[in-house]
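Peer 1: Given next are the chains, with one letter for each unit.
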Amino acid sequence: NAGVTQTPKFQVLKTGQSMTLQCAQDMNHNSMYWYRQDPGMGLRLIYYSASEGTTDKGEVPNGYNVSRLNKREFSLRLESAAPSQTSVYFCASSEIRGREQYFGPGTRLTVT
Amino acid sequence: DAKTTQPPSMDCAEGRAANLPCNHSTISGNEYVYWYRQIHSQGPQYIIHGLKNNETNEMASLIITEDRKSSTLILPHATLRDTAVYYCIVRDPTGTYKYIFGTGTRLKVLA
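As they're listed, the protein sequences go chains A and B. Using the numbering used here, you'd call the opening residue of the first sequence number 1 and step up by one each time. Using the numbering used here, you'd call the opening residue of the second sequence number 113 and step up by one each time.
Keep in mind that the hints were calculated from the coordinates and are not lab data. Predicted, not measured: the structure shown is a model, and the values here were computed from it. Ideal placement from N, C-alpha and C gives every residue a C-beta, glycine not left out. Treat the hints with caution; some may be incorrect.
Computed list of chain B residues with no C-beta within reach of chain A, every gap over 12 Å [as the list claims (entries may be wrong)]:
id, residue
1, Ile-159
2, Asp-179
3, Val-197
4, Asp-204
Label-pair ranges, simulated between beta-carbon atoms [unchecked claim]:
id, chain 1, residue 1, chain 2, residue 2, range
5, B, Thr-206, A, Thr-5, 41 to 49 Å
6, B, Asn-165, A, Pro-8, 23 to 31 Å
7, A, Ile-96, B, Glu-178, 24 to 32 Å
8, B, Asp-123, A, Asp-56, 39 to 47 Å
9, A, Ser-67, B, Asn-165, 39 to 47 Å
10, B, Met-122, A, Asp-38, 20 to 28 Å
11, A, Thr-15, B, Gly-141, 47 to 55 Å
12, A, Gly-16, B, Arg-128, 33 to 41 Å
13, A, Met-41, B, Leu-222, 33 to 41 Å
14, A, Pro-8, B, Gln-157, 37 to 45 Å
Only pairs whose alpha carbons sit at most 30 Å apart, straight line, appear in this in silico BS3-like list of lysine-lysine [to be verified]:
id, chain 1, residue 1, chain 2, residue 2
15, A, Lys-9, B, Lys-220
16, B, Lys-115, B, Lys-220
17, A, Lys-71, A, Lys-57
18, B, Lys-115, A, Lys-57
19, A, Lys-57, A, Lys-9
20, A, Lys-14, A, Lys-57
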């Protein structure tokens with residue numbers, strides 16, 4: 001099992017560009033999450049999906065949209081990137097909401 | 113969810129046990145203690161969790177005091193690969209989605 005995979009690993013964007021971060025899990029988990037981690041700080045939840053077909057805002061949703069494409073895949077979209085969105089983005093999944101989470105390797109995004 | 117307090121950093125000699133403390137004095141009856149770690153630049157890794165009994169798995173042991181106001185994560189034989197930031201999180205798994213990752217304890221295992 002690959003666990004949680006994320007693409008791309010690295011990305012550089014110019015201000016105003018858009019992009020989609022992809023996440024997939026092969027553990028048949030119901031819940032999926034997107035976090036961001038800024039230097040020297042803990043993780044902050046952007047959006048989560050408790051189950052297929054549902055999505056909800058986390059602590060810092062502004063500037064982002066998500067799509068739970070199917071049970072396996074949960075994407076994060078930046079419609080108009082800003083320098084404040086420079087961060088490392090982690091996707092995670094759990095069997096059900098509230099259970100222990102398993103994280104992907106992260107996407108390092110720089111917005112210039 | 114209850115707040116946690118951890119020391120910012122600790123050192124441990126390779127091969128020795130690493131004991132990482134966590135205070136969670138406001139923990140409520142439904143809240144579990146979870147431990148994760150983050151090795152440099154990687155995604156956080158789940159280690160172990162417990163409610164009130166001590167727990168052990170292939171990675172670590174978790175000791176929770178009888179009053180549940182504090183806990184200790186024990187890595188029995190620390191290796192250089194255990195150098196990481198360790199996060200103690202307290203939450204009710206039936207409650208909100210939130211995991212509050214604080215700043216954790218930076219453990220350095222010394223050769």
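Peer 1: Can you name, in rising order, the numbers of the hints this structure does not satisfy?
Peer 2: Structure breaks hints 1, 3, 4, 5, 6, 12, 13 and 14.
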